[in-house]
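2 protein chains.
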Amino acid sequence: MVVALDAMGGDHGPEVTVSAALEAVSSGDLAIALVGDSEAVMPVLAEHDAVDHPLLQVVPSDGVVEETDNPAMVFRSKPRASIFVCSGLVKMGKAHAFVSMGSTGASIAAATVTYGTMEGISRGCLGGPIIGYAPNTVIIDLGANIDIRPQQLAGFGTLGTVMSRVLYGQENPRLALLNVGSEETKGNELVKGTAELLRDSSLNFVGMIEPYDLPLGKAEVVICDGFVGNIVLKLTEGLGQAISNHVRKKGGNDALADEIDSMTNSLAIHGGGPLLGVNGIAVVGHGAAGASGVSTAINTAKFVYDNDFVGAQQKELTAFLANAS
Amino acid sequence: MVVALDAMGGDHGPEVTVSAALEAVSSGDLAIALVGDSEAVMPVLAEHDAVDHPLLQVVPSDGVVEETDNPAMVFRSKPRASIFVCSGLVKMGKAHAFVSMGSTGASIAAATVTYGTMEGISRGCLGGPIIGYAPNTVIIDLGANIDIRPQQLAGFGTLGTVMSRVLYGQENPRLALLNVGSEETKGNELVKGTAELLRDSSLNFVGMIEPYDLPLGKAEVVICDGFVGNIVLKLTEGLGQAISNHVRKKGGNDALADEIDSMTNSLAIHGGGPLLGVNGIAVVGHGAAGASGVSTAINTAKFVYDNDFVGAQQKELTAFLANAS
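The listed protein sequences derive, respectively, from chains A and B. Take the first sequence: its position 92, counted from the start at 1, is 91 in numbering that gives the first Met the number 0, and no numbers get skipped. Take the second sequence: its position 157, counted from the start at 1, is 156 in numbering that gives the first Met the number 0, and no numbers get skipped.
Derived from the structure by calculation, the hints contain no laboratory data. Keep in mind that the hints are not guaranteed to be accurate.
Covered stretches of chain B (in silico footprint by chain A; criterion: 3 or more residues with CB under 8 Å from a CB of chain A, positions within the stretch not fixed) [unchecked claim]:
id: 1; region: 52 to 66
id: 2; region: 139 to 149
id: 3; region: 168 to 177
id: 4; region: 257 to 263
Label-pair distances were calculated between CB atoms; the ranges are [said to hold, decoys possible]:
id: 5; chain 1: B; residue 1: S201; chain 2: A; residue 2: K90; range: 27 to 37 Å
id: 6; chain 1: B; residue 1: V205; chain 2: A; residue 2: Y167; range: 52 to 62 Å
id: 7; chain 1: A; residue 1: G206; chain 2: B; residue 2: G251; range: 48 to 58 Å
id: 8; chain 1: A; residue 1: T67; chain 2: B; residue 2: D307; range: 16 to 26 Å
id: 9; chain 1: A; residue 1: R79; chain 2: B; residue 2: V205; range: 51 to 61 Å
id: 10; chain 1: B; residue 1: V205; chain 2: A; residue 2: A287; range: 21 to 31 Å
id: 11; chain 1: B; residue 1: V205; chain 2: A; residue 2: A254; range: 36 to 46 Å
id: 12; chain 1: A; residue 1: G192; chain 2: B; residue 2: E118; range: 40 to 50 Å
id: 13; chain 1: B; residue 1: S201; chain 2: A; residue 2: R148; range: 57 to 67 Å
id: 14; chain 1: B; residue 1: N171; chain 2: A; residue 2: K314; range: 36 to 46 Å
id: 15; chain 1: A; residue 1: G251; chain 2: B; residue 2: M91; range: 40 to 50 Å
Predicted model only: the values in this text are computed from it and were never measured. Even glycine gets a Cβ: it sits at the ideal position worked out from N, Cα and C.
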């Protein structure tokens, strides 16, 4: 298996990505295409005495997508940026997956355009366990799909169910809709419409879940639109930090404060993961990740490749749509 | 001033509401109409030797709206329920405000129908400081208005600005839109449309605020639709509880855990408040409130009456709409 690694992406660039690549190929069961500006990547490879490593290949690119670039527009101005060369390698069959710690928006755009999306899904979406107190609860979507319709949100339920099974080992994950009340008469039009679609499906839909219950792990898959999911992710982090500061000051207990931080910091809990709903493998990670975080992301790409994560999503989605129509 | 008090509302009913009424009238500057089933209210009044209290009057009602009733439908089946008798007293000019700890949905429905809403507002809305770490940050709407348009959300900005000035003493409150990014290109259609309306207004609009910054008090008024606001309220409570349990177990520090609870429990921080956007005074409180909580709610009704809170909202909203058109 060949992984195209965006060597320029992330806060630290080649210094970190090249180290991570060396770590990942040490097992001998995958090869890596290091995609980046040659003058940035080659010196770091030389430092590691790895210019001629048999499992590493440098593929030149030109420039990098910045967080300030508009993901939807940047391909026109920077078509040779590292992330687009990565997805291009997969398109040409020269790699089986790409991994990037760079702009999440650009990764989603690249994967969506290059791989195409699954039926009923209009854009790759993001999910993962982001509240440390509920380590088996995958929340989807975390911010990729902002204005959506019930059909799409129900689709996230199927993708999340597959994610929970394949990546988190849950046999029959409970699927819940994030809502402002437990009754099915409550909620916005999106939630009510989605509940109708899920009720008749073969998914293990257990109804509404209120935010009170998110940290209690009452469902393994929780779905919401990307606006709400991103609010949940960022409020968890912000409130966690406010409380850990409180504990640091009033309790004088730094170890406990650190524990609270790690339970509410999405990077610590879930450094990144595979995009869902696209017909190919793209693993996006947090920009701040260090070498071990990048190496974990590369291993995730290999794991989802070996376990046919993409095929499992397609199959489940097809079954859901056949049942719904 | 006469306050119509829903004596049946709340988890504790007349036992608590009658005590609170006695406490509130002890100042001598307001009278209370105790609205409730006579056989429930009179014995409690008798216990307190207050059957002939000159500032208390019992107004009979029949039944009470339960949390399980559908707020939009319950008026047909229980037209003589205490909350509707309360709003009716205000409508007839026999009281100047109503106060209820009962079903929030029924209070909103009663106030919306009886008082009518202000221009551009379709339903009474709820706001208040719900994160203890940011005691001067009013968040609106907390759950009354689920599916809304930019014009309405911008209206909440004007109402919140008045609330922050009148109730929380902020001279020139900063107004921010809750969003998933700080850039104005990010967000859903609702947020983007609202930003356009606010940018040209005379309000002190400071742009987007991300949930990270909610506990840091970076704005005095934060607006969002009622779905998102209710998610924020309930996640704050649920996550706060998960963390305080963590502190109780690992830190063994019960006092600190209690402090965390009180900073994240919306009842403790903000037991209730006046409905915004309706042409009259309605104060809704938390069902679990004890006598002092109910008494505070009654005093809030008097405060907003004395300070012409309703008139101030109407004036600000008219100015906003004149400027926007």
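To see whether the hints hold, each was checked on the structure:
1. 52 to 66: It is violated: at least three residues are needed, and the region 52 to 66 of chain B offers just 0 whose Cβ sits closer than 8 Å to chain A.
2. 139 to 149: holds (count 3)
3. 168 to 177: violated (count 1)
4. 257 to 263: Per the Cβ count (4), the hint holds.
5. B:S201 to A:K90: 27 to 37 Å: Taking Cβ atoms as reference, B:S201 and A:K90 lie about 52 Å apart, which means the hint is violated.
6. B:V205 to A:Y167: 52 to 62 Å: violated (40 Å)
7. A:G206 to B:G251: 48 to 58 Å: Violated, at about 37 Å.
8. A:T67 to B:D307: 16 to 26 Å: violated (47 Å)
9. A:R79 to B:V205: 51 to 61 Å: Violated - the Cβ-Cβ distance for A:R79 and B:V205, about 39 Å, lies outside 51 to 61 Å.
10. B:V205 to A:A287: 21 to 31 Å: holds (27 Å)
11. B:V205 to A:A254: 36 to 46 Å: holds (37 Å)
12. A:G192 to B:E118: 40 to 50 Å: Once the Cβ atoms are compared, 31 Å apart, the range 40 to 50 Å for B:E118 and A:G192 is violated.
13. B:S201 to A:R148: 57 to 67 Å: Given a distance of about 37 Å, which is not inside 57 to 67 Å, the answer is violated.
14. B:N171 to A:K314: 36 to 46 Å: violated (58 Å)
15. A:G251 to B:M91: 40 to 50 Å: Since the Cβ atoms of A:G251 and B:M91 sit about 59 Å apart, the hinted range of 40 to 50 Å is violated.
Consistency note: the structure conflicts with the earlier hints numbered 1, 3, 5, 6, 7, 8, 9, 12, 13, 14, 15.
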